[in-house]
Amino acid sequence: MRARSAALSFLAALGVLGLVQGTARAAPLDSLLAAIAAEETAPAERVRLFMKRGNVADVYYIDRIRPGRLRVLKNPRQNGLEMIVIDDRQWLRTASGWNAAPAPTGTAPQAALSLSAVLKNGLTGAVERTEPDGSRIVEGEVSWSAASACKGKLRVRIEAGGRPFFLDFDGDCASKPTVFHQAMSYAGGFSIDPPN
Amino acid sequence: MTSRITTLRVMTAHLQVIGFVLLALCAARPAVADATVTACASDKQTGAGTNLAQALAAGGVIFFRCPAGSVIRISDHYDLPGPVRIDGGGTVTLDGGGVARTFLTARQNIILRRITLKGFARIHGRLGNLPGILLAFGDAELDAVSVGSSDGPFDLLHKGTVSGSSFIGNTGVALKVSGAASITGSRFIGNEEALFMGEGSLRNCNFQNNSKGAVRISGLDAAAEIMHSTFTGTRGGPALAMASQARLAGLSVNVRANQFTDNAAGAVQVFDSVAEARGFNLPAATINALLRLPPARFALSYNRFSGNGGDRGAAINADLTRAAGLASTGDIFTGNTSTGDAGGVFATAGALTLTHAVLRGNRAAGRGAAIMAGPAAQISVSNSLVIGNSGGDGAIAGGAITLANVTVAQNSAAGLSLVAPGSRVVNSIFAGNQPANCVRVAAGVFQGRNAVSDASCPGVAPSQPALDTFFVPEPGSAAARDGDAAVCRATPVNGVDLTFQARHDPAGCALGAFERAPAAKLSSRTDRREAHADAADDFTERDGYHPPPLTTGSPGNPSPGTPSPGIPTPDQPSADTLAALRGLGVDFSVPDRDLREWLANSEFTPYPAITTVLLNLLRPKGLRDLVFLDVIVFNYEHAPGVRSPREVRDVNLDVLEAAIVEGYNTRHGTAVRAFAEVMR
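As given, the protein sequences belong to chains A and B, one line each in that order.
For what it's worth, the numbering used here labels the leading residue of the first sequence as 1, then goes sequentially.
For what it's worth, the numbering used here labels the leading residue of the second sequence as 197, then goes sequentially.
Isolated chain A (complex conformation) (with noise of 0.2 angstroms):
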C-alpha cells in the first residue's frame, strides 16, 4: 500500500479498482502518467475523497508523508473510522480507542492495481486541453473491473507543476450509479503522528 499512490491505492483497497484491457491515446495518457508519477513522489500528500454508490456516500480524508506515513479518516462528521500507519506499525480508532497492531504486508505485488495500470488498459477516447491558469485537462472513458465491473466518464486535472489536482468520475459500479471525486493538495505543513 506504502508504495502506491495514496489515493488510487485506497480505491484499490476498497476494491472499485481491477485491470481491464483496452486502448488509450498517446498523449493525454502520457499526460496522466507523468502526473500520477509525480504525485507518487511528493513528499506529502493530502487528498479528500468523495464516493458514492447507489445510495451510500462516504468521504475519505488521506494524509501521506512519504516514506511510511499515512492516515485515513473516514466520514469524520459522522465520527468515522481513522487509521494511521506509521512504518510497519498501524493504530485503527475503534469503539475500544486506539488498537495498535502490525501493519499489514498489502496486497501481493501481482495483485497490486496501480492508476498507472487502469489507465493504460482502461481509457478510451481521452482528450487533452490546456487551461488559461497553466493547469490541463484529461477526460474520457475509463472502465476496469475488480470486485464488480466499473465503466464511466474521468476527468482529472493536472496543475501547472504536472501533479493531479482534481479527479472526477461518473458511471457504474456493478450497475449501481457511482460518483466519485477528489481534490489532492501538496502543500505539506501536516504531520502524522501515532496517537496519544
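Errors might be hidden in some of the hints.
Computed list of lysine-lysine pairs in DSS-like fashion (alpha-carbon distance at most 30 angstroms, straight line) [what the hints assert, rightly or not]:
#, chain 1, residue 1, chain 2, residue 2
1, B, K408, B, K355
2, A, K151, A, K120
3, A, K151, A, K176
4, A, K151, B, K408
5, A, K176, B, K355
6, A, K176, A, K120
To be clear, the hints were calculated from the coordinates, so they are not data collected in a lab.
With chain A held as given, fit chain B onto it using these hints.
Chain B only, in chain A's frame:
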C-alpha cells in the same frame, strides 16, 4: 274418587317437598338479582329510582344508568354475601370522600368493570389494616378499573385477575393479591407502593414514579413471572423486590423482557425474609417459621437495566443466602450508578450467574463498578461484555468470581479486583482497563488461555488484543483463535458466544465474549451502526482540498464536540439537518424559522442534542412514515424522570425510541409498541 284424592295427596306431598327444597335452597343462598342503579348522586340516595345500596343488597349484576361523568358519593360499607359484578359502563365514578372504611367486603366472587373509584381510605387497626375499597375473600376481577387518590384500596385474598386497569396516585399499596395473580395491561403510576403479590403472572404493565417501591413478591405457593413490563422512576424502594424463599419447594420467579429505567433505589432486589423479620424485631416463632421455608430460584432474562441508582447493586441487589440461586441470561446493564458497591450487579451471598450479559457504563463509588461479589457469594460470568464502567475498586470485584469467555475492556477501574480466594478466569480478555487490568489478583486465578493488555494479572504475559468496534477480536488476531475449545464447549460457555453464535471449531475458539463479529441484523440494532457521509460532505472542483473537520471520541458515538451531519453550529445553518431529517422520515409541525432557531441553540434547547442522536439512530433506513420532530422532542422531554438533554451523551436512547413510537402512533392512529416496527 278415592284414587283421585290419593293422587292429589301424593301430588300435594310432592309439591310440599319441592317447595321445601326450594325454600331450603333460597335460605342457603342469598337472593341474587340484577339491578340497574339510576340514583346517581349517592349510594343511599332517596326518592325515585334504585340506589347503589339497594343494588348491592340485591347482588348479582349491577349496571348504572347515569349521565356520563356521574360521581356517586359512598357513605357506608357493604358486606356482599353473594357473587357480584359491578359494571360502571365507563361513565361512573364512586367517591369514598376520604372516609376510612372498607367499601366492599366480598365473601364470594366479585367483578369490578369499567368503573372509576377515588377517595377511599383504609382502616388502620391494631391487628392490621383493612383496605379502602375491596376486601375480597373469593376470586376478584378488576377489568378496566381506574383507581386514584385512595389509601390502600385493594386486598384480594384469593385469586386476583386485573386487566386494563389504572392505579394512580394512591397511598399505601395500590393492589395486594395474596392468591394467584393474573395482572395484564395495567398502569401503576404515582402510588406509594404499586403491587404486592405472590404467585402468578404480571405482564405488559407499566410502573411509573411510585414513591416507596413498585412490586413486591413474597409468599409463593406456585411459580411467578414478571414479563414485558416497564419500571420507571421508582423512588424510596426497589422497583421489583422478591423474597428469597417460597412456601413450597422448587418454585421459581421468572423475570423476562422487562425494562428498568431510572429507578433510584435499585431495580431488582432479592431480599432475605429472615433478615427482614429480624430487622423488624418479629417474634422468634415467626423467624423460626421463616427459616423453615424452602428456597426460591430466580431467572432473569433479556431485561434492560439503564440509569438505575442505589446504594448497592443499582440494577440487581441479591441476597441469595436462603435462595436457590439467581441466573441472569441476556440482560443488559447500562449507565446504572451505585453510591456504594456494584454499579450493576451485587450478590451478598449465594450463587449468581450472568451469561450473555452486557455491562456498560455503570458506575460505583465503592467496589465493583459493574459487578461485586460479597464475601459469601459465588458469581459466575460467561459470554459477557464488561466495558466502559467507571469508579469503584474494580469493574468486577469482590470474592469468588468465575469468568469464562468474558471481555473486560476500557473500564475506568481495574478490570478485576479480588479480596477473597476462589476465583478463576479462563478464555477471557482484559484490555485497556485503568489503572490496571488486575488488582490484588493471586497467582493461579488466571488459568488456561487469556489475553491481558498489561502485566498486572499474574501468570499472563501482556499482549495487545486487537478488538474492533464491537470488542470482537479482529479476524486473524491471536485473540480470535487462542481460546481453549474445551472451555468453549463446556458449561457455562456451552458452545456459543454472547450473541449465541456457535463456537464450533473443535481446534479452538475466540477469547472473550464474541466468537466473531455479530450478525448484521444484530449489529444494526446497536447505536454504533456505521454512519455514512451525506450531501454536506460532497464538494466540487472549485472547493478543492480542505482538511477534515476536527473529531474527537470513538467511531459511531458522536461526542459532544463533534459536528454531525448537518447539525447546526452558530455559523452553520440547519438546512442540511432539516433535509437529512426529512429524508429519514422526520418533519416538523412548527414554523420553519422557530425550528431553525432551536436547532442552532444547544444551550437552551434539547434540539441539537436530540437531533444528532436521532439522525444516527434512524440511519440508514429511516422511518416508515413521517413523524414530527417537535412532537418527538416534546414526548422525550415529558417522559418521566428524564432531563432535557443539552449534550449528545445525555440523550437516553430508550426514551428517544419510545418518544418516536409515541409520535408515530399519535400521528398515524396506530398502536405500534416496538421501535423496530416504525422503521423502514
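Consistency of the hints with the structure:
{"no.": "1", "hint": "K408(B) with K355(B)", "verdict": "holds, 25 angstroms"}
{"no.": "2", "hint": "K151(A) with K120(A)", "verdict": "holds, 15 angstroms"}
{"no.": "3", "hint": "K151(A) with K176(A)", "verdict": "holds, 10 angstroms"}
{"no.": "4", "hint": "K151(A) with K408(B)", "verdict": "violated, 69 angstroms"}
{"no.": "5", "hint": "K176(A) with K355(B)", "verdict": "violated, 64 angstroms"}
{"no.": "6", "hint": "K176(A) with K120(A)", "verdict": "holds, 24 angstroms"}
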